[in-house]
Amino acid sequence: MSIFEQLTQLQKGAEEKIAAAVSKEELEGLWTQFLGRKGGELTAILRSVKGLDPQERPLVGKVANEVKGAIEGLIAKRQELLYQANLEKRLSSEQLDVTLPGRWQEPGRAHILSQTLGRIKEIFKGLGYSVMAGPEIETDYYNFEALNIPANHPSREMWDSFFLRPGLLMRSHTSPNQVRVMERQDPPVRVVCPGKCYRRDAVDATHFWEFHQVEGLLVDERVTFADLKGTLELFAKAMFGERRRTRFNPSYFPFTEPSAEVMVDCFVCEGKGCRVCKNSGWIEIMGAGMVHPRVLQGVGYDSERYSGFAFGMGVERIAMLTYAIDDIRLFYEDDLRFLRQF
Amino acid sequence: MRVPFCWLKDYVEITESAQEVAELLQAVGVPVENIEREGAEVSGVVSARVESVEQHPDAERLKVCQVEAGSQRLQIVTAAPNVRAGMVTALALHGAVLADGVKIKRGKLRGALSEGMFCGASEIGYDPELLPAEDREGILNLAADTPLGRPIQEVLPLQEEILIVESFANRADQLSILGIARELAAKLRRPLRLPAICQDFRPEDINPSQNSELVTIEDYEACPRFMARLISEVKVGPSPRWMAHRLELAGMRSINNVVDITNYVMLETGQPLHAYDRAHLAGGGLIVRRAQPGEKLTTLDGTEQTLPDSAIVIADAQRGVGVAGVMGGLNSEVEETTKELFLESAAFDNALVRRTALRLGLRTESSKRFEKGIDLERVIFGAQRAAYLLGQLAGRVEPTIVVKSVPTPAPQTVALRTHTLQRLLGLEFTSAQIVEILGALDFQVRQLEEGLFQVQVPSFRLDISQEVDLVEEIARHYGYDNLPCTVPAVQVGAVTYHTDAPEEHFRSLALSLGLTEIITPSLSSGELLRQFRLQEDKCLQIMNPLSEDQRVLRSHLFPFMTNAILRNLRLRNEDLRFFEISHIYRPSKQAAEGVREPRRLGIALSFAGADFFNLKGIVESLGRSLRLELSFKRETLPWAHSGCCAGVYCGETRLGWLGAVHPQLARELDLEQPLLWAELDIDRMWELKGAAQYRKSSRFPAVERDLALVVDSQVSAGELLNSFRKVGGALMVEAKCFDVYTGAPIPAGQKSMAFRFVLQSMEKTLTEDEINKLLKKLQKAAEREFKATLRE
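From first to last, the protein sequence lines are chains V and W.
Here the numbering used here is used: the first residue of the first sequence is 1, the next is one more, and so on.
Here the numbering used here is used: the first residue of the second sequence is 1, the next is one more, and so on.
Just chain W, with the same shape it has in the complex (with noise of 0.2 Å):
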């Protein structure tokens, strides 16, 4: 909200500046967000009295004054037909810079020394409209007694500071100039100056016994209060020149009298009115009702619209006129013409006007005041402000009031303990620091006993309803900053827990092999998925997206990651190792609300020579890590090369998968060096994990011994390795294929393996007989197993 500081000066005596009062109102949680400055840009102007007026012996229209401006005395020749002796006025020094930047020097007029220039309203940037009517012509004419030689800046207030208010969501109230104000008084600890109203409303009249036909509710949760005014001899035009140039400032366009009093009085007090010509309503007076089906109205801004199910309409005997709380209908609109007003001020129900307002695309200054909540006080007073300044401005207010209303409830009371206050602040309050607190922000405060305060809140206050609510009135506006400061003792013994435990594992290890971690968008468009060979419909989407990119939740990591790589590589980033840690979301019948979102951990290799093993490699030491004894399969995924891939698993369990790129697929993005994947379940990976455990390391000689062997293609080295392991037993430490050849001699349809064997014993030396012995063992279990052959 735009707060113009000399709007807010209305309802609080201020000497400070606007800087000071924004800091006062950010000390009790009034947001302000910035401080505007609206205006000209004026130097070297100063207060003067003009002392002596004398004609200019060399021209007629010409006066040649003696002036004075604090400690100079200086002689300035003028035309002004205005100028006396005595006056008041601004006088611009030699190099003062006036509103249309043009520079002020001394000169001689017609041979008169003329040591600077006197200045009228538009000069110095200030609207003329401003002065009276008799003061706007020629040169200004301060008052007698305004301090001289000070900047005009200090007598005039040529430049208006605005201060951008944020309001809380819960703060109704502070959502008008008056509520900001009371802030600032009761921070300040000075009195509230409550506008003018017309004073003629009495409790009597809510509800009038005798039936009035100028208001009619129908739904009264819809429309819990509607207060009627009427205003005769009506002229529309204008709004006087301080009223116009204060909406101006707090961002309203100035329309016509009525209509600017109805906004004025809205950003005044909050509430907002809506003034009907009253001539255009069939019947003369307005009915309250929810909207037909399928009803339509043109609102003010000239739009048809398609009234919701929400929407409260206000109507004459005949058709809609308004939608409530929103937007007043094009029908009944005030014109120059218009000689009688109907003037509504009413309370609408918060949530249909919020569920209207959005629907109908209209957030207006009068539903987001409607939409933060009720205050039936604020009808009455709203109204009768907004009578009391058009009686003023713009015609005669009808003594007929008229309220319908539900019966006003008894003001809230909450109970507040000093206890209450100890247990949560940390210090200790007097009743009176209670009582002045709340008493300055216009709660009513009566001590029951000792340490029991019964607190009446306003009506305004809609965010009071219970104690701890006041335990933040009491902080706020004795101010955090002077509560004390202390630090709770860490508890010994005090159990933790860590559920980061396995991300910080794997993202240390990760980054010890030598990967970066990047972090991609959960969300993505569909798009996306398909390009990966994945299918939309097996993954969990966005009822509500801003736009295509986030309507799918990732199921996978690889597609994002690959994107992550192609941006490296149009940046000419050659040599990426990539990994993230990130959940992924999958519909799961199993699963309480029906998803899940294991933790992955992916990996995208992409560089000149990445293959296979590179990843492979990794990804045996992520399981070696937590002593997993992995293995891998042959698997085939869509988007993957069908013979570079695998399903990585731990006994039976599948862990995850890893492949290169199929080359479809990589063809499909242009990508010229190798790419490979893996994506890991961590959390499984964790679950299984293997304790540490001590073994003895043997104090007798290790030997090592090859075997190259030749099979049949199809053989893998991990088949003949289970076979090794098995036949070696306890002797066999190590057994690893470090060659595979193909080709010449070896005949088509086989290969060459060539396996490297570590043997030790815990008890003994290994003597060359019993090594050669079991050498035997395995190459024969390889022959009987495997059809293998020793290679000559």
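So here's chain V without its partners, still in its complex pose (with noise of 0.2 Å):
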């Protein structure tokens, strides 16, 4: 048999093989067979024929490159074939159920209520407002005296309050805050406390002994009591909604003159009346009003020369209102499921 006879059976031999091949590495088998330089058996054809005659050596070159190529041509078409049945066969087995629960990690809550005093603090820090939080444990006379409570007013029974010792208490409000603020700095001022607070209150569904609160405080030249409805009906707007109308009714605290409640309608009736207004369609969010002089003056502001403007507002009650939470102890409860509704 002639050396080309040889090839062409060879070639013949692989492609009935390959033909019959039916796996990737069964084709990798085959290569190495007819093709693998150590033991292959093209190469052990090549090797057969010495003393070739050298004018026909390019010749058999030149078929045994042709041969090498048809094989690899044809286990390289095999094997795309065989990749391509398997591909089928693969995909049509890995169908999931997309509806089986994927893996995942239950992702960290922030407390509803400091999701609540997150808010009311960006509305006013961009306003330009600073956060300052004072101490829980207060003097008598940040708490009271200098808030313009004298000792023995009657006006001191609306903070019935938690002492440590004759003088010195739990803040039943965050308003001491404001002259420590002023005692810190010159005006102009522009400041929300926030904080906890504590009051002797009875507990039922809307009273707990220690709560949230968050105090505002504007001081400077010409501040007036238009600019406290402007600014608090634009943080009325911001936090309840675009639509949302507010209406401001006199009121007393010792440290503000004129003071004020602050009222929005009721976002849960739009103002038709329900039970979280009592009927009345509008729902109180705060108290508010002009820093009272005497204020003003104990702190060593000129009160002819400066005015501002304080408001404060419960925290709870805010998240109350804005998710129509029935009570205040579930805040404390820190039970999961309340937790993660927000």
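Derived by calculation from the structure, the hints in this document are not laboratory data.
A virtual CB, placed ideally from N, CA and C, is assigned to each residue, including glycine.
Possibly wrong hints are sitting among the right ones.
Said to hold, decoys possible - The list that follows gives simulated cross-link-like pairs (lysine-lysine, BS3-like), each with its CA atoms no further than 27 Å apart:
1. V:Lys125 to W:Lys689
2. V:Lys278 to W:Lys689
3. V:Lys62 to V:Lys77
What the hints assert, rightly or not - Covered, in the sense of this in silico footprint (three residues per stretch, anywhere, with C-beta under 8 Å from a C-beta of chain V), are these stretches of chain W:
4. 237–249
5. 474–481
6. 519–529
Got two chains here, separate frames each, mind docking them using the hints?
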């Protein structure tokens, strides 16, 4: 058999075997069997013809390369065929039930009171206010005296307080921070002071002995009650929605004069009257007023030159109104089923 | 305060509904909490005139009437004896529902059609006692000019409306119906109608020159004014129905005409009064003095009180007969046999009355009114009003008037500048507006010059003492809602500061680490502290808690966080990863006031498989976020597992601790899954935080090499790593311990630790030779310092 015949035969044998191969591994085996450099059949044929006529060599080389190319081509083609066939099978066997649950980790959640407070702070930060949180244990001076609430004044009853000893108490509102801020700096003052407060209230659905307030204070030259109205109206819209209307009723706090309670039209019933607004169509959201000149004078501000307004709101109350939560105690029970809703 | 709407109408003309009045009052700062309605629900009853009355042909006692009820003409058959042609009465039409729920239907009575029924007072739920005596029997006899065909509710006040009015602590005058009426009249710009009073008082009656035995004041500070009147020929009996009815609507029980009048006048004018049976007063006069130590007195409610030293006593020549401003004594009570009255109207020191009422636990209607301040004029007005009513309804007013008093102070005047109004309210007010508003509130206004007024304050306005108080008066009655609305400009260049920055940093980081925020109470019982091995005497305490739950201020967060965990476990929430940011409170000798309240971040983990390193990883992340080099040292805390507890340090500064629950404590808590806590001082961490610094990253490849060593089991990974970092120098980019193994074939008392190093140079690619040399040095150092051997 001439070398050309041997090569043809080799090619034929390879074609048959390749056509019968059913796996990638088998094809790789066939490549080694026919084309491997050490011990492959093609190499063996080429080596077996020693003393080949030098003139024939280029031709033999050419034919051998053609055979090699043909076999490689067949293997590649077969491989592609097998891959495609397998792909179909794999795709059809890997159909997922996409409705099965994902593997996930419960994300952390800020407490609803932190979230509510965060929104309040953000609104006022946007208006150029700083944030300052003072101590929870306060002296009688800051909690009362400096706020124009002298000892034995009947208005002290508005704040039934926990005392550590005479003269030292758990602050019963965040208003002491007004004084602390003004003692620390000269006007202009723009600050909100959030924090926990304490009152000796019997516990029920709307009272807990601890609660959170945010105090606000703005002092400068030429600050008017109109500025108070405009600022708090802006806040109410940012907090409760663009469509909210606000109303201001006269009220009484010893440290502001004139004093006001701030109402928004009920966002639960749109002012028609419901349980939340006690059928009045209006909800009280905070107390406010022009800083009393005695408070300004007490920190050494010239009350003829400077004026300002202050306001204070309960964070629990705002959260309860916003989400129609009916029991203040839920905030302090820390039931995950409650916390995860917000 | 309960303000019957019908009563309010005595003093000001009101055409508005109760709801409208409530809104008007609200707008001037008289908060109306609610409007209550009392009385019967009746429907389908209208006013009607009887046109003709004829005898029923078949029934002797029945009459057949033709009736006009507005547009309708109807035939009604009735048995009422007082029916007569021309009278206007109440007619229940077909379908009407009466006060007792009975429904009226058209029907035939002995063959005659009756299209409804005439009603008497009780059938429509109206109190017959409120009618003239001759009209109480039979069907209603309404005024002849009553419009016909109108619902009966429009004709007779079947339902009384009561405004529930709150009063502010500074407005003593708002604890009276007259005071509320004054605000309403001012708002409506209608005149205030004062009630009738005895007109016999003359200014000379104050401190008459001849000494009267009737009143002796020992302490004028405790009692600056005391007025007495005598009523003779007294007939004690029931009050007239209208008065009893009003008192009941206002929430008071009717007792007898004398007591009712004192209560009525108190509600009307705000002046508390007391009437004594003069026959029971030894010597016939009264002495006002301070209580003697340990003095006892039985008050009208029948309890024997030991009087506190703040108490002011009203006494006769022999004994105490009343606690001034709080409650009268049982021994001088007005009885049916009382013939002569001693009427007391006085002013007492508000602070003393308040303290006495609090000590005795007797916050009475009287003490509530005295507590808010003293109005000397009201003493006289109240007495003269009561004397008038007593003269009308109970007896004869004797001409004697005794008023013992400090000199009547000159009326207070306050200056008001229009400039101040403009400066605080942002609006110009005209002189006319100022005079109109203040005048309507009984202030006397005198213009001194352009833009300056002198304002005289009425005696009952104890809350007005300076200019800004008048600014509020103007603002209130001008209407807050009518004032302009502006927003102050944001100042360019104003410096802001945010002390909540540390808190917000740790909150957002904790959230990103999958922790859920909780808020727990800051006050607790001593029991809770003891359960968690904390010492109560190292905590701050509340002097006046309402309950044991509020007695101690927390010195740690973890007991409270544990409570939250336990509560959730009972609710079958089992994967619990909590954090809380809060103050804790501790006594401190150095701090001002002897207390300090650092802010803490508490973490509590409890879930199946949770261990120390879950928590430590979180703490390390928190440290890294502030570029803090944290180190951990074993520590013993009474509530933590002694083997799984560490102090957290940055250099020499202790920042907090972390640890697993002590097994004994876990058993006491019935805890079946792991529980770990950490508490960190966030303000201290924030102070130490490092600034971000840019460092070039190496362009040359990093290589990773492992080293397994066997060491004594006491040797800690931290010690070894410290040594490796020192030896490795700049080339050691990272060193960590990734495996610890004890057990065969490692000998007992020893352990195998596997370390992984990442080595990299800034200047070149490290050669195999350089790497091996460094590893050898690391190994030698471990051998030398920790007697480590290479694990085979």
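Verdict on chain V covering the segment 474–481 of chain W, criterion of 3 CB contacts below 8 Å: It holds, with 4 qualifying residues against the three required.
Given hint Lys689 (chain W) paired with Lys125 (chain V) - CA-CA distance at most 27 Å: Given pair Lys125 (chain V), Lys689 (chain W) holds - Cα atoms ~24 Å apart, limit 27 Å.
Pair hint Lys278 (chain V) and Lys689 (chain W), alpha-carbon separation not exceeding 27 Å: violated, 51 Å
Distance restraint between Lys62 (chain V) and Lys77 (chain V), which requires alpha-carbon spacing of 27 Å or less: holds, 22 Å
Proximity test - 8 Å, beta-carbon atoms, the segment 519–529 of chain W to chain V, at least three hits: holds (count 5)
Within 8 Å of chain V's CB atoms, at least three CB atoms from the segment 237–249 of chain W: coverage verdict: violated (count 0)
Violated hints, in rising order: 2, 4; the structure is consistent with all others.
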